[in-house]
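Last residue of the sequence shown: number 1047 in the working numbering, and the count goes up by one each step with no gaps.
Pairs of lysine-lysine residues, derived as BS3-like cross-links and limited to a Cα-Cα distance of at most 30 Å, are as follows: (1) Lys294 x Lys239; (2) Lys637 x Lys576; (3) Lys387 x Lys360; (4) Lys310 x Lys239; (5) Lys360 x Lys239; (6) Lys503 x Lys676; (7) Lys360 x Lys301; (8) Lys239 x Lys301; (9) Lys239 x Lys387; (10) Lys310 x Lys387; (11) Lys576 x Lys676; (12) Lys676 x Lys746; (13) Lys637 x Lys676; (14) Lys310 x Lys360; (15) Lys972 x Lys1020; (16) Lys637 x Lys821; (17) Lys294 x Lys310; (18) Lys301 x Lys387.
Since the hints were made in silico from the structure, they are not lab data. Note that the structure is a prediction, hence the values are computed from the model and not measured.
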Amino acid sequence: MSVPQTHVASNGYAPSVTPMLRTVLLCDIVDSTALIERLGDVRAVALLQRHDQLMRQNLALCHGQLIDKADGVLALFERPIQALDFALRYQRGLREVGATEGVDLKARIGIHVGDVMTWANEPKDVMAGAKAIEVEGLAKPVAARLMSLARPGQILMSGMAQNLCQRAVGELGEAGANLRWLMHGRYSFKGVPAPMLVHEVGEPGLSPLRAPESGAKAWRELPLWRRPPVLALEILLVGVLGVALFWSTVRSPPAIAFAERDWVVVAELQNRTSETLFDDSLDSALRVGLEQSRHVNLISELQIERALERMQRQGQPIDRQLGAELALREGAKAVILPTVAEVGGVVRVSLELIDPASGVTVHSENADSRDLSGVLDALDQAIAGVRTELGEGMKGITEGSRPLEKVTTGDIEALRAFSMGMRARTQGRSADAFALFEEAVRRDPGFAMAWLRMATIQLGSDLNRSKQYFDIAASHRDRLSDREALLMDASLGLFDRPERMLQKWKLLAAMYPDEYRAYYNYSYFSHFATLQYGEAARFIEPALVANNQSRADAYYLKGASLLADDRIDEALVAFKRSEALNDGGYRRDHAHAYAVRRDYAQAQRVLATQQPSGLPGAVLNERLGEVSHALDRGRWDAAAATLEALDGPLKQAPELVRQSRRLMQLSLASYAPDEGHPAQVRAFLDDQSRLLAESHALSRPRIEFQLLAGGWLAAHAGDLASARRALDLVGESAEAGGFPYVADMALLVRAEIDLAEGRPARAVEQLLPRSTAGNELYFLHAVLMRAHQASGDTAAALAQAKWLASHRGRAFAEPNSEFSWQLANVAESNLATLSASVYAEALGRSDEAKSERARFDAAWPAGGSLPAVQRRLDSLD
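Using the sequences and the hints given, assemble the complete structure.
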């Protein structure tokens, strides 16, 4: 976080100086003075006007900030890929502008990432000709040195800028597909303490793509062996060369600069045999074998599918050339090209290791099998050789890996069915995938990986069958790789206490740091199961990288957790990044972030971009924003009417979803109940009691919450018998289950009973310790506020009212039980300012009381006419 600093000038003006990390771009038009002399003033002015228009358009398009302009540009960008995008567009545009005048118009461009200091000039100085914004810092002269070093038409950048650009090059689409990335070596720059690597990025035919020449202010550092003092020593090394040659024949160093946890692209199998079974089986076996490594990471099939969509090359086989292009786009360091062929009466498995920068094979690993049954063993041998070539130690290979036949299946037909099922699942064809996995386990009943995939598919529709399949997979645990076994344990944690499940997801992330599902699921269940919003936002960070094909979902989850943690600015940043990565999908929480600030126009804009899933069970979540935002504006009747109108769309939804809507209606009506409300609550409790008796372990916490919420409504209306019945039905499970939202709602029912029976001090005693936990229910503070009021502690009641009013992010984003208590939260976040006004007045703080009442009136302009407001005032009296 940057901290502004203030420097006082001699005239008394004190500009605020802000340090920030930015990408600095400097460019200079080659021979601009000679160009003006050649064209003449009139033509030169016209040319420069077109240049300025080109520059401004591309800066706006690439989100750049223009700092200074003469015959070149000084601009700042938040990200290096934006600066590169501008540089490429600018170079192409200069060529087109120059062509119209018959001149060769080129620029030198330098790009660097570093800290800069910015400040705004005094307005009168700007009027006198000063720049509006000043930029200084070491990053600026470094970018200038890179620019001056560049040849005409060349884009040079520092190592950090190049690395970040290459990882994000997929964002450039087709413009990034044909780029060449060159490293020109280490250069020293005058005035810069340490030498730095210089990189060039450019398009063939437009960029020089050759090393820049050294000059007075920048010069290339010669390798040690080329320096004169060392030349004499080279003669002495001749004898040593023989030893070196001998060693190189025994053990060659890795041909690719591959580091631990770098990424590879696996190309499609080249089957040069007559055996069609290999087409759909060995691909999956190869991926399974490589995924056992903690040294090598594989670009996922889903990520490759999405990259091909961006390249408009869907369905094309991943061969040598396309694999290299994908590796460069996705930041992979190597391509593995598998081949199976019949050679001299044996089946030969070959794995070629390809350098994506050059497209050439730098290593090849072969293993032979005399028949079909030994092909997986041969593949195992070839995989071990490739992993060794990529720098993995033999100990890691032998201790952390099992034979492919052991962790998959020895039945090639079953392996083929599994492979086809994985492909169908990647393409979103879950029903086809399930049928293929069923065929795999029919042929090999001990094929644990196939049982595991069937279990995960069933999680969304049949929990009993899902648990059955998980148990079968667990019974064949010795048929799973270490990674798959950990994944199974974490998934089985769904049927256990949430803290145990979270431990298993955390263990998977620790063992396999690039297993992004582990970070996402840990954060997801921290948010939804244990209400630990800060922890969820923190733990998701490693999943926010380009190689995670679900990065958009990870950013969205981070935004939701930050919103529930009342970090609204950070939440909006995360939501916007998610939206930039994903054109459609779910955006209700993004809209809530604006509603929290009462910016309903922006909230509506976001909701309008949300694409309906078409699933009946999702309708309530997709449209709940319409209800809660209307309520947040004091439009009580509109909120109730919208909720009522969902009756038709929800007729085909699962019963649990319909019951959630019913609870929302009852909670909303509880603020202005009619004569039939108590009977409706009792009927609701009867239905929850039935559902609880029929429930599965995964759905039980949700039903328990709804049953207890109905019990609180009953207690609040004076029906204490129904409230106690709800507590008895849930029993010890409220605490033993480990779900804080269930335990808290049970606590609220007991506290409400105490209030109804005239024991407010006991209610405070129960609620107060839990109120500072950090993952307590938002509504707990509303009941605690009333308990303080009833016990005569007006100051404490005022403190709780202010807490409710200042934590609106949690009011909207708290998931409780699938957001079924959100409307009560939103109502309390507004009524709290009304309560605060009354409490402040009772404490003799009239100005504070007026301020709080003004806030309430601004939020609910027609609040005085609402029955809920009158009921709140009556209760306060």
